[in-house]
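Trainee: Sequence:
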Amino acid sequence: MEHFHLLTRLWSDGDADAEQAMVDKLRQLALQNSDLATEWERLKALPAATLTTFPAKLHQRCSLAGVALPPLDDPQSHHVLKAPS
1 MEHFHLLTRL WSDGDADAEQ AMVDKLRQLA LQNSDLATEW ERLKALPAAT LTTFPAKLHQ
61 RCSLAGVALP PLDDPQSHHV LKAPS
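Per UniProt numbering, residue 1 is the first one in the sequence shown, and the count goes up by one each step.
Hints were generated in silico from the structure; no laboratory data involved. Worth double-checking, as some hints may not be accurate.
Claimed, not checked - Derived Cβ-Cβ restraints for the label pairs, each shown as a range:
no., residue 1, residue 2, range
1, Leu-46, Val-67, 33 to 43 Å
2, Gln-60, Leu-26, 34 to 44 Å
3, Leu-7, Leu-43, 37 to 47 Å
4, Leu-69, Thr-8, 43 to 53 Å
5, Ala-37, Ala-65, 32 to 42 Å
6, Ser-63, Ala-30, 36 to 46 Å
7, Gly-66, Trp-11, 29 to 39 Å
8, Glu-19, Glu-41, 20 to 30 Å
9, Asp-13, Lys-57, 33 to 43 Å
10, Leu-64, Asp-24, 37 to 47 Å
On a predicted model such as this, the values are computed, not experimentally measured, just so you know. No residue lacks a Cβ here, since even glycine has one placed at the ideal position from N, Cα and C.
Put together the whole structure using the sequences plus the hints.
Mentor: And the structure:
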């Protein structure tokens, strides 16, 4: 499968189960390629890495800019950092 182009969707509009099944199948096929499997693992690790590095980087940049650090743990704030589900 050198090139893969979709001219139309492979599932009906609004059929979330069929869409998810297609995504799962494409992911399964992609993971058979070692380069794609390695990239998939790297991408899956990014959210956790961001959660550990973002607060320090934000604090540093706010300090340099002379602005207050937004609350990162206030549930009422849209700035709350949490792991993706």
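Trainee: Could you run down the list of hints and mark each one as holding or not?
Mentor: These are the hints, each one checked on the structure:
{"no.": "1", "hint": "Leu-46 with Val-67: 33 to 43 Å", "verdict": "violated, 26 Å"}
{"no.": "2", "hint": "Gln-60 with Leu-26: 34 to 44 Å", "verdict": "holds, 39 Å"}
{"no.": "3", "hint": "Leu-7 with Leu-43: 37 to 47 Å", "verdict": "violated, 27 Å"}
{"no.": "4", "hint": "Leu-69 with Thr-8: 43 to 53 Å", "verdict": "holds, 48 Å"}
{"no.": "5", "hint": "Ala-37 with Ala-65: 32 to 42 Å", "verdict": "holds, 40 Å"}
{"no.": "6", "hint": "Ser-63 with Ala-30: 36 to 46 Å", "verdict": "holds, 42 Å"}
{"no.": "7", "hint": "Gly-66 with Trp-11: 29 to 39 Å", "verdict": "violated, 51 Å"}
{"no.": "8", "hint": "Glu-19 with Glu-41: 20 to 30 Å", "verdict": "holds, 23 Å"}
{"no.": "9", "hint": "Asp-13 with Lys-57: 33 to 43 Å", "verdict": "holds, 41 Å"}
{"no.": "10", "hint": "Leu-64 with Asp-24: 37 to 47 Å", "verdict": "holds, 44 Å"}
In summary, the structure is inconsistent with hints 1, 3, 7 from the numbered list given earlier, while agreeing with the others.
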